[in-house]
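Each protein sequence line maps, in turn, to chains A and B.
Going by the working numbering, the final residue of the first sequence carries number 115, and the count climbs one at a time with no gaps.
Going by the working numbering, the final residue of the second sequence carries number 130, and the count climbs one at a time with no gaps.
Bear in mind the hints are in silico, worked out from the structure with no lab data behind them.
Treat the hints with caution; some may be incorrect.
Stated by the list, open to error - Restraint-style ranges between C-beta atoms, simulated for each label pair:
(1) S99(A) / R126(B): 23 to 31 Å
(2) E8(A) / L128(B): 37 to 45 Å
(3) R126(B) / N12(A): 39 to 47 Å
(4) T38(B) / K61(A): 35 to 43 Å
Every residue gets a Cβ at the ideal spot worked out from N, C-alpha and C, and that includes glycine.
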Amino acid sequence: QKEVEQNSGPLSVPEGAIASLNCTYSDRVSQSFFWYRQYSGKSPELIMSIYSNGDKEDGRFTAQLNKASQYVSLLIRDSQPSDSATYLCAVRGSNYQLIWGAGTKLIIKP
Amino acid sequence: AAGVIQSPRHLIKEKRETATLKCYPISRHDTVYWYQQGPGQDPQFLISFYEKMQSDKGSIPDRFSAQQFSDYHSELNMSSLELGDSALYFCASSLTGEETQYFGPGTRLLVL
Numbered sequence: 006q007k008e009v010e011q012n013s014g015p016l017s018v019p020e021g022a023i024a025s026l027n028c029t030y031s032d033r034v035s036q037s038f039f040w041y042r043q044y045s046g047k048s049p050e051l052i053m054s055i056y057s058n059g060d061k062e063d064g065r066f067t068a069q070l071n072k073a074s075q076y077v078s079l080l081i082r083d084s085q086p087s088d089s090a091t092y093l094c095a096v097r098g099s100n101y102q103l104i105w106g107a108g109t110k111l112i113i114k115p
Numbered sequence: 019a020a021g022v023i024q025s026p027r028h029l030i031k032e033k034r035e036t037a038t039l040k041c042y043p044i045s046r047h048d049t050v051y052w053y054q055q056g057p058g059q060d061p062q063f064l065i066s067f068y069e070k071m072q073s074d075k076g077s078i079p080d081r082f083s084a085q086q087f088s089d090y091h092s093e094l095n096m097s098s099l100e101l102g103d104s105a106l107y108f109c110a111s112s113l114t115g116e117e118t119q120y121f122g123p124g125t126r127l128l129v130l
């Protein structure tokens with residue numbers, strides 16, 4: 006079992022709708038969680054980081070963390086075609102390295 | 019401010035050859051991470067350096083070695099290349115005490 010699990014998708018969402026991406030992790034002591042966006046052949050780009058239980062909002066993006074359930078999610082409101090990408094969930098390891106999920110491919114249909 | 023710089027951006031090698039990938043972190047960043055991402059796969063942590071010392075080691079093959087120099091740039095040396103080494107190699111940098119890692123554009127290595 007991977008330490009960080011994501012549904013690989015693809016997840017298809019109509020333009021203007023809310024895209025919901027989910028991630029679970031196995032290490033209960035994990036403290037830092039990240040969502041990265043990656044376009045094909047490009048490097049990962051940080052979208053959100055979250056460290057405390059609850060919601061964190063930044064523009065159209067909201068990250069949600071539930072440490073009791075070992076679950077972190079990313080909501081994208083008013084989805085745009087330019088949001089089409091692979092979204093990688095990452096958890097900080099004990100030496101600050103990132104432990105990645107397999108990524109969810111998101112497709113926003115015009 | 020300039021971001022993380024990686025060179026070369028593309029590299030083609032034959033099996034059993036060697037390759038050197040370079041990473042120049044963001045100014046003042048003292049920590050460098052190397053990740054390998056195979057086709058259709060998630061990134062895998064290889065190795066990291068803090069203040070020129072190796073701080074952690076992940077799934078890096080024994081054929082690979084890396085170091086961080088006094089100017090904080092890092093080099094990943096890959097020997098006896100295999101077809102399976104074909105991947106995107108990303109370098110990321112961060113500043114001590116900060117969580118965020120900033121990624122370079124990556125080096126695409128193709129081993130023929």
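- Message: If you test the structure against every hint from before, which numbers come out violated?
- Response: 2, 3
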